[in-house]
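Spelled out from the first residue to the last, the chains are:
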Amino acid sequence: NAGVTQTPKFRVLKTGQSMTLLCAQDMNHEYMYWYRQDPGMGLRLIHYSVGEGTTAKGEVPDGYNVSRLKKQNFLLGLESAAPSQTSVYFCASSYRRTSGSVQETQYFGPGTRLLVL
Amino acid sequence: AQKVTQAQTEISVVEKEDVTLDCVYETRDTTYYLFWYKQPPSGELVFLIRRNSFDEQNEISGRYSWNFQKSTSSFNFTITASQVVDSAVYFCALSEVRTDKLIFGTGTRLQVFP
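Read top to bottom, the protein sequences are chains A and B. Every position in the first sequence, counted from 1, becomes a number in this note's numbering once 685 is added. Every position in the second sequence, counted from 1, becomes a number in this note's numbering once 301 is added.
Worth flagging that the hints you see were computed from the coordinates, not collected in a lab. Do not take every clue at face value.
Heads up, simulated EDC-like pairs for lysine to aspartate or glutamate below, C-alpha to C-alpha not over 16 angstroms straight-line [claimed, not checked]: (1) B/K402 to B/D330; (2) A/K755 to A/D711; (3) B/K402 to A/E715; (4) A/K742 to B/D401; (5) B/K371 to B/D356; (6) A/K694 to B/E345; (7) B/K402 to A/E789; (8) B/K371 to B/E357; (9) A/K756 to A/D711; (10) B/K304 to B/D323; (11) B/K339 to B/E357; (12) A/K756 to A/E737; (13) B/K371 to B/D401; (14) B/K371 to B/E327; (15) B/K304 to A/E744; (16) A/K756 to A/E715; (17) B/K371 to B/E360; (18) B/K402 to A/E744.
Over 12 angstroms on every C-beta distance to chain A, these chain B residues come out as not near it, computed from the model [as the list claims (entries may be wrong)]: (19) R329; (20) Y365; (21) N368; (22) Q370; (23) V385; (24) V413.
Beta carbons: idealized from backbone N, C-alpha and C, even for Gly.
Start from the sequences, fold in the hints, and give me the full structure.
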């Protein structure tokens, strides 16, 4: 099991360029998440998905789009990158919590470091 | 509103010292979960523990222990006999059952010197 993997590991973009970050998990998890980590701010949720074909906004969704066409993949897109999107991006996944059951643990990928000039 | 506060930005200790990382949370829900994650210098996030709001028993795992107190809304993490390999940023997080989302604290950077 590779767990949660992220591609690429590091990327430099110029302002206005676009790119897609790929997250893949092989744990058959229903839920997937994208976070960004900035110094002194912890991790903040960008978008998340509770199943194939569904997505929802998190705390800081502006400037990002996502797609979940396959259960194992969750893509994060930047249509027109801005310097404020310089950050480390983490993908996470978890099992779906059934009614009345325990909150499932989120498992994280290794992160993608993005620098927007 | 949900909130997690880790007031200690950075802690430095010498190897073999005990160290406690504080975590205070706010939530209106009666059912919730608390987590601790470790982020070593390599950058990945490693899950350490999950605790639900109905279980106030302290937990010990090797040199790690966690003290959950609902009366003070705290979920503190203690490392006994710290080691250099414990150097990392530690995040406390809160999840409410009705949202399935994690709210992270800002993290505490622990540096353990030999």
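Tested hints:
1. B/K402 to B/D330: 13 angstroms, holds
2. A/K755 to A/D711: 12 angstroms, holds
3. B/K402 to A/E715: Within the cut-off at roughly 14 angstroms; holds.
4. A/K742 to B/D401: 13 angstroms, holds
5. B/K371 to B/D356: Distance ~10 angstroms between B/K371 and B/D356 Cα, so the pair holds.
6. A/K694 to B/E345: 12 angstroms, holds
7. B/K402 to A/E789: 10 angstroms, holds
8. B/K371 to B/E357: 7 angstroms, holds
9. A/K756 to A/D711: 9 angstroms, holds
10. B/K304 to B/D323: It holds: about 14 angstroms lies between the C-alpha atoms, which stays within 16 angstroms.
11. B/K339 to B/E357: This hinted pair is violated, its Cα atoms lying about 22 angstroms apart.
12. A/K756 to A/E737: Holds, at about 5 angstroms.
13. B/K371 to B/D401: The hint is violated at about 20 angstroms.
14. B/K371 to B/E327: 10 angstroms, holds
15. B/K304 to A/E744: Holds - the C-alpha atoms of A/E744 and B/K304 are around 13 angstroms apart, at most 16 angstroms.
16. A/K756 to A/E715: 7 angstroms, holds
17. B/K371 to B/E360: Satisfied, since the Cα-Cα distance of roughly 15 angstroms is no more than 16 angstroms.
18. B/K402 to A/E744: Judged against 16 angstroms, a Cα distance of about 10 angstroms means the pair holds.
19. R329: 16 angstroms, holds
20. Y365: 16 angstroms, holds
21. N368: 20 angstroms, holds
22. Q370: 19 angstroms, holds
23. V385: 22 angstroms, holds
24. V413: 21 angstroms, holds
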